[in-house]
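Starting from the given sequences, assemble the full structure and let the hints guide the process.
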Amino acid sequence: MSDSTAPDASVLAPNLSFALERITDGFFALDANWHIAYMNAEARKLLDAPGEILGRFWLEAFPKARGRLFEREYHRAMSAQMPVQFVEFSETAHCWFEVKAYPSHDGLSVYFRDVSERIEAQREIDRNVLRQQALIDFGRAALGGRPFPELVIEAMELLRAIVDVAVVEVYDFERRSGGFTVRAAEGWNVGIAFDPAVPALAHVGSAVRTGEAFVCSDMRIEPRARVLATLAEHDVLSCIAAVIGTSDEPLGALAAYARSPRTFTAGDVRFVESIAQALAEASAALESNRRMAQVLESIRDAFVAVDRDLRITYVNARMAMFWNVDASEMIGVPIERFTQAFNDDGHALESFRVALVNDRALSFETLFDDRWFETRLYPFSNGVAGYVQDITNRKKEQQRVLGLNAELERRVAERTMQLELANKELESFSYSVSHDLRAPLRAIDGFSQALIEDYEPRLDERGKNYLDRVRKAAQRMADLIDALLKLARVARADISYSEVDLSHLAQGVLDELQEGDSDRSIATLVSPGLRASGEPHLLRVVLENLIGNAWKFTRGVPDARIEVGWSGESKEFYVRDTGAGFDMTYQNKLFGAFQRLHSSVEYDGTGIGLATVARIVHRHGGSIRAVGEVGKGATFFFALPHGAGGTA
Amino acid sequence: MKKPYILLVEDNADDVELTKRAFSKNRIVNEIAVLTDGAQAIDFLFGNASPYEGLPQFILLDLKLPKISGLEVLERIRSEETTRYIPTVILTSSKQEEDLLEGYRLGANSYVRKPVDFNEFVEAVRQVGLYWLVLNEPPPSSGGGM
Numbered sequence: 011m012s013d014s015t016a017p018d019a020s021v022l023a024p025n026l027s028f029a030l031e032r033i034t035d036g037f038f039a040l041d042a043n044w045h046i047a048y049m050n051a052e053a054r055k056l057l058d059a060p061g062e063i064l065g066r067f068w069l070e071a072f073p074k075a076r077g078r079l080f081e082r083e084y085h086r087a088m089s090a091q092m093p094v095q096f097v098e099f100s101e102t103a104h105c106w107f108e109v110k111a112y113p114s115h116d117g118l119s120v121y122f123r124d125v126s127e128r129i130e131a132q133r134e135i136d137r138n139v140l141r142q143q144a145l146i147d148f149g150r151a152a153l154g155g156r157p158f159p160e161l162v163i164e165a166m167e168l169l170r171a172i173v174d175v176a177v178v179e180v181y182d183f184e185r186r187s188g189g190f191t192v193r194a195a196e197g198w199n200v201g202i203a204f205d206p207a208v209p210a211l212a213h214v215g216s217a218v219r220t221g222e223a224f225v226c227s228d229m230r231i232e233p234r235a236r237v238l239a240t241l242a243e244h245d246v247l248s249c250i251a252a253v254i255g256t257s258d259e260p261l262g263a264l265a266a267y268a269r270s271p272r273t274f275t276a277g278d279v280r281f282v283e284s285i286a287q288a289l290a291e292a293s294a295a296l297e298s299n300r301r302m303a304q305v306l307e308s309i310r311d312a313f314v315a316v317d318r319d320l321r322i323t324y325v326n327a328r329m330a331m332f333w334n335v336d337a338s339e340m341i342g343v344p345i346e347r348f349t350q351a352f353n354d355d356g357h358a359l360e361s362f363r364v365a366l367v368n369d370r371a372l373s374f375e376t377l378f379d380d381r382w383f384e385t386r387l388y389p390f391s392n393g394v395a396g397y398v399q400d401i402t403n404r405k406k407e408q409q410r411v412l413g414l415n416a417e418l419e420r421r422v423a424e425r426t427m428q429l430e431l432a433n434k435e436l437e438s439f440s441y442s443v444s445h446d447l448r449a450p451l452r453a454i455d456g457f458s459q460a461l462i463e464d465y466e467p468r469l470d471e472r473g474k475n476y477l478d479r480v481r482k483a484a485q486r487m488a489d490l491i492d493a494l495l496k497l498a499r500v501a502r503a504d505i506s507y508s509e510v511d512l513s514h515l516a517q518g519v520l521d522e523l524q525e526g527d528s529d530r531s532i533a534t535l536v537s538p539g540l541r542a543s544g545e546p547h548l549l550r551v552v553l554e555n556l557i558g559n560a561w562k563f564t565r566g567v568p569d570a571r572i573e574v575g576w577s578g579e580s581k582e583f584y585v586r587d588t589g590a591g592f593d594m595t596y597q598n599k600l601f602g603a604f605q606r607l608h609s610s611v612e613y614d615g616t617g618i619g620l621a622t623v624a625r626i627v628h629r630h631g632g633s634i635r636a637v638g639e640v641g642k643g644a645t646f647f648f649a650l651p652h653g654a655g656g657t658a
Numbered sequence: 022m023k024k025p026y027i028l029l030v031e032d033n034a035d036d037v038e039l040t041k042r043a044f045s046k047n048r049i050v051n052e053i054a055v056l057t058d059g060a061q062a063i064d065f066l067f068g069n070a071s072p073y074e075g076l077p078q079f080i081l082l083d084l085k086l087p088k089i090s091g092l093e094v095l096e097r098i099r100s101e102e103t104t105r106y107i108p109t110v111i112l113t114s115s116k117q118e119e120d121l122l123e124g125y126r127l128g129a130n131s132y133v134r135k136p137v138d139f140n141e142f143v144e145a146v147r148q149v150g151l152y153w154l155v156l157n158e159p160p161p162s163s164g165g166g167m
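If you're matching them up, the sequences are chains A and B in order.
Sequential numbering from 11 applies to the first sequence in the working numbering.
Sequential numbering from 22 applies to the second sequence in the working numbering.
Among the clues, some could well be false.
[Said to hold, decoys possible] What follows is a list of derived Cβ distance ranges for each label pair:
1. B:Val133 with A:Glu435: 23 to 31 Å
2. B:Ala60 with A:Gln597: 55 to 63 Å
3. B:Leu121 with A:Ser580: 39 to 47 Å
[What the hints assert, rightly or not] Chain A is nowhere near these chain B residues, computed Cβ spacing over 12 Å in every case:
4. Tyr26
5. Glu52
6. Ala54
7. Val55
8. Glu74
9. Lys85
10. Glu93
11. Arg97
12. Thr104
13. Leu122
14. Gln148
15. Leu156
16. Pro160
17. Pro161
[Claimed, not checked] When the alpha-carbon atoms are kept at most 25 Å apart in a straight line, the in silico DSS-like pairs for lysine-lysine are as follows:
18. B:Lys85 with B:Lys41
19. A:Lys562 with A:Lys642
20. B:Lys46 with A:Lys482
21. B:Lys116 with A:Lys434
22. A:Lys110 with A:Lys74
23. B:Lys116 with B:Lys88
24. B:Lys41 with A:Lys474
25. B:Lys116 with B:Lys41
26. B:Lys116 with B:Lys85
27. B:Lys85 with A:Lys434
28. A:Lys496 with B:Lys116
29. A:Lys482 with B:Lys41
30. A:Lys482 with B:Lys116
31. A:Lys496 with A:Lys562
Read the hints as simulated data drawn from the structure, not as lab findings.
For each residue, glycine too, the CB sits at the ideal point set by N, CA and C.
In structure tokens:
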């Protein structure tokens with residue numbers, strides 16, 4: 011159709027009329043007196059117009075257009091003599107028309123078509139935007155800790171406004187009976203009570219059972235639930251019902267009713283379901299908050315939670331008591347107001363910030379009102395949780411322990427000093443022993459000798475023999491003193507470990523013995539590669555004593571033999587000789603100080619050598635043992651750290 | 022002419038006697054001046070307490086002495102211009118490592134441990150006397166006019 015020129019109704023040519031009858035838009039023409047001059051078939055159909063409509067005053071034919079855009083716009087077009095275009099709902103046709111009207115001095119040409127579908131789609135889109143916004147707001151409110159009754163009221167108001175229903179009901183599920191009771195309702199003309207005995211027959215029962223919304227567009231002809239007929243008597247004819255929660259664990263249900271038969275859009279249904287869902291989540295969150303609050307109220311710590319703006323979202327009773335405030339009045343108050351009172355250098359407040367920014371738990375201690383408090387901060391997604399604990403007693407206990415430790419350390423230091431003193435005394439004692447005890451011995455020996463030399467003529471053989479014995483005794487005592495000093499030194503010596511070549515040491519000892527006793531010819535065998543970790547001086551003392559003993563006890567033995575080696579089997583070194591040996595009965599006496607298994611007439615010696623050897627080996631963490639038989643020789647086995655033999 | 026003499030600092034009378042005996046047995050006839058504590062030794066060497074003319078040919082010094090220890094005496098000897106070159110031999114019972122080290126650190130010329138066996142003692146004295154009196158060439162006696 012052409013918009014450029016308006017057709018003149020009064021001079022319609024038959025061919026034009028033919029064209030107008032064929033267009034898909036509705037078309038009618040009004041003359042200058044607002045009488046209907048022409049109306050095509052489509053218009054008649056759309057407006058359900060009677061046959062004798064031509065020539066009638068248009069508002070008389072369509073009275074419902076009065077006061078609507080139709081009337082106003084047509085008049086505006088005529089008086090201004092300019093085309094108009096608009097969309098308006100037609101009460102006559104019960105649909106939306108998009109209208110274009112072209113004026114001329116002789117009348118008005120009107121084209122219109124049904125755009126209900128487009129308009130409805132647009133309105134649904136608008137409603138969806140509204141619903142989404144409403145849902146977001148409601149969801150926020152639902153999870154924001156608002157009391158449940160308030161949320162229920164808000165939900166009902168939202169449903170009435172957004173879904174445009176007359177009545178809304180919220181039901182609670184009764185776990186014990188399995189039925190439902192009305193928690194809240196809005197919009198009934200007169201109060202009705204839902205019968206909890208028959209929920210399974212009802213729309214609510216269906217929604218809960220299936221978990222899906224029950225939608226009914228006309229209860230009068232609804233076959234699914236008989237009870238709806240009862241509801242219909244209460245002036246509602248269509249409804250949406252949705253479960254709050256899940257069909258497995260229903261918390262309740264939500265129902266929205268319209269007074270007229272209505273085909274609810276998918277958006278309407280989704281909105282009702284979403285509101286029900288939000289209520290379920292709010293209920294769960296509140297329940298979880300309630301449980302959490304129970305826990306937080308029961309703990310002995312004071313507890314405070316703040317949001318990301320460091321405003322208080324929760325304080326437990328203990329914290330409220332601590333601050334001497336009413337817990338319910340604290341919500342939304344900046345934490346700063348309390349941290350300032352608690353710790354005015356700003357450290358406490360800063361700690362909240364740090365915990366939040368670094369997303370890391372931290373704790374700090376504060377002294378307040380003569381008591382010590384420990385605050386532990388734990389950041390979480392929406393803020394920071396703080397636990398404040400009075401640690402005054404713990405602190406006191408700590409101080410006591412610290413005091414005890416200090417006392418203990420003082421005592422240890424005292425003991426150490428005493429020990430050091432004792433060691434020093436022992437050292438000076440050893441010094442005196444070595445120095446002062448020898449002087450008289452020297453005198454005894456020296457003057458005995460002088461007697462023998464200067465008074466020889468006056469002494470008989472026996473006299474000389476006695477003096478010899480005096481001298482021997484003195485010299486022996488000198489040896490004993492030296493040996494004792496050595497033993498004492500071994501006991502105190504610090505051991506600094508290094509790798510020691512025992513083969514080399516042993517050979518050195520044997521060479522020395524051979525040099526000092528060149529008359530003797532003994533077969534000696536030192537295994538190469540004997541190594542151990544220890545203090546070289548002390549290990550030499552070990553070998554001096556063991557090899558020295560072997561040397562001593564093989565005196566007078568034909569084809570004597572001394573071996574120094576390694577027993578790979580027992581991981582021990584050994585010094586073996588073919589000498590006098592010993593009776594195994596007395597083996598436990600071998601390593602005691604002053605213990606001798608041979609008389610000093612047979613073999614000289616102090617009786618301290620093996621004690622010294624044992625002490626050195628033990629101080630290295632090793633062990634020593636001896637195997638022997640009288641007349642067949644002895645073998646001394648000893649183990650040392652990292653001991654190894656080249657020829658195992 | 023100055024009479025050469027040996028200075029013996031020893032508090033034990035027996036040791037003094039035995040040392041003298043050991044010298045005589047070795048036919049060392051030099052006079053022996055005996056002082057029985059460290060203080061006397063200091064007075065003798067640095068005061069006017071000496072009846073002798075000049076300094077001793079060598080000093081036999083015990084370590085464990087009353088009043089002033091042998092090591093202190095040695096330190097004093099080595100610190101004074103007049104006495105620093107006098108050969109000084111430590112003759113003692115001790116063979117503690119610390120004593121040995123300290124003795125040498127302070128400038129002892131020798132360190133001899135007194136053997137208990139008198140025969141060994143005689144031998145030790147013989148060797149010491151022989152060495153310091155005969156073999157060793159003493160420093161020019163700059164401080165001899167004392």
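Checked hints:
Range check, valine 133 (chain B) to glutamate 435 (chain A): about 28 Å between beta-carbon atoms, so the 23 to 31 Å window is met. Checked against the given bound of 55 to 63 Å, the beta carbons of alanine 60 (chain B) and glutamine 597 (chain A), roughly 56 Å apart, stay inside it. A hinted range of 39 to 47 Å for the beta carbons of leucine 121 (chain B) and serine 580 (chain A) is consistent with their spacing of about 40 Å. Distance check on tyrosine 26 (chain B): its Cβ is at least 23 Å (rounded) from any Cβ of chain A, clearing the 12 Å threshold; non-interface status holds.
With a least beta-carbon separation of about 21 Å from chain A, glutamate 52 (chain B) lies farther than 12 Å from that chain, consistent with its non-interface assignment. Every CB of chain A is more than 12 Å from the CB of alanine 54 (chain B) (nearest about 21 Å), matching its label as outside the interface. No Cβ of chain A approaches the Cβ of valine 55 (chain B) within 12 Å, the least distance being about 16 Å, so the stated non-interface status holds. In this structure glutamate 74 (chain B) is separated from chain A by more than 12 Å, as the shortest Cβ-Cβ distance comes to about 32 Å.
With a cut of 12 Å on Cβ distances, lysine 85 (chain B) falls inside the contact zone with chain A, its closest approach being about 5 Å. Even its closest Cβ contact with chain A, about 16 Å, leaves glutamate 93 (chain B) beyond 12 Å, as expected for a residue assigned away from the interface. The claim that arginine 97 (chain B) is not at the interface with chain A holds, since no C-beta of that chain comes within 12 Å of its own (minimum 21 Å). With a minimum CB-CB distance of about 25 Å to chain A, threonine 104 (chain B) clears the 12 Å threshold, and the non-interface call stands.
The Cβ of leucine 122 (chain B) lies farther than 12 Å from every Cβ of chain A, with a closest approach of about 14 Å, so its non-interface assignment holds. Every Cβ of chain A is farther than 12 Å from the Cβ of glutamine 148 (chain B); the closest lies at roughly 17 Å, confirming the non-interface assignment. No beta-carbon of chain A is positioned within 12 Å of the beta-carbon of leucine 156 (chain B); the least distance is around 26 Å. Chain A leaves proline 160 (chain B) outside its interface by the beta-carbon criterion, the shortest separation being 31 Å against a cut-off of 12 Å.
The Cβ of proline 161 (chain B) lies farther than 12 Å from every Cβ of chain A, with a closest approach of about 36 Å, so its non-interface assignment holds. Pair hint lysine 85 (chain B) plus lysine 41 (chain B) holds up; C-alpha atoms about 19 Å apart against a cutoff of 25 Å. Using a Cα cut-off of 25 Å, the hinted pair lysine 562 (chain A) and lysine 642 (chain A) holds, with the two alpha carbons roughly 14 Å apart. Using a Cα cut-off of 25 Å, the hinted pair lysine 46 (chain B) and lysine 482 (chain A) holds, with the two alpha carbons roughly 21 Å apart.
Note on lysine 116 (chain B) and lysine 434 (chain A): the hinted pairing holds, with a Cα-Cα distance of about 17 Å set against a maximum of 25 Å. Between the alpha carbons of lysine 110 (chain A) and lysine 74 (chain A) the distance comes to roughly 19 Å, so the proposed pair stays at or under 25 Å and holds. Straight-line distance between C-alpha atoms of lysine 116 (chain B) and lysine 88 (chain B) comes to about 21 Å, which keeps the hinted pair within the 25 Å bound. A hinted pair counts as satisfied when its Cα atoms are at most 25 Å apart, and lysine 41 (chain B) with lysine 474 (chain A) qualifies at roughly 23 Å.
At most 25 Å may separate the alpha-carbon atoms for a hinted pair to count; lysine 116 (chain B) and lysine 41 (chain B) meet this at roughly 22 Å. A threshold of 25 Å between alpha carbons decides the hint, and for lysine 116 (chain B) with lysine 85 (chain B) the separation of about 12 Å falls inside it, so the pair holds. Between lysine 85 (chain B) and lysine 434 (chain A) the CA atoms are separated by roughly 17 Å; this keeps the pair inside 25 Å, and the hint holds. In summary, the hint linking lysine 496 (chain A) to lysine 116 (chain B) is supported, as the alpha carbons are separated by about 11 Å, within the 25 Å threshold.
Under the criterion of a C-alpha separation no larger than 25 Å, the hint pairing lysine 482 (chain A) with lysine 41 (chain B) is consistent with the structure, at around 23 Å. A C-alpha spacing of about 22 Å is found between lysine 482 (chain A) and lysine 116 (chain B), which places the hinted pair at or below 25 Å, so the restraint holds. A C-alpha spacing of about 20 Å is found between lysine 496 (chain A) and lysine 562 (chain A), which places the hinted pair at or below 25 Å, so the restraint holds.
In the structure shown, a violation is registered for the earlier hint numbered 9 alone.
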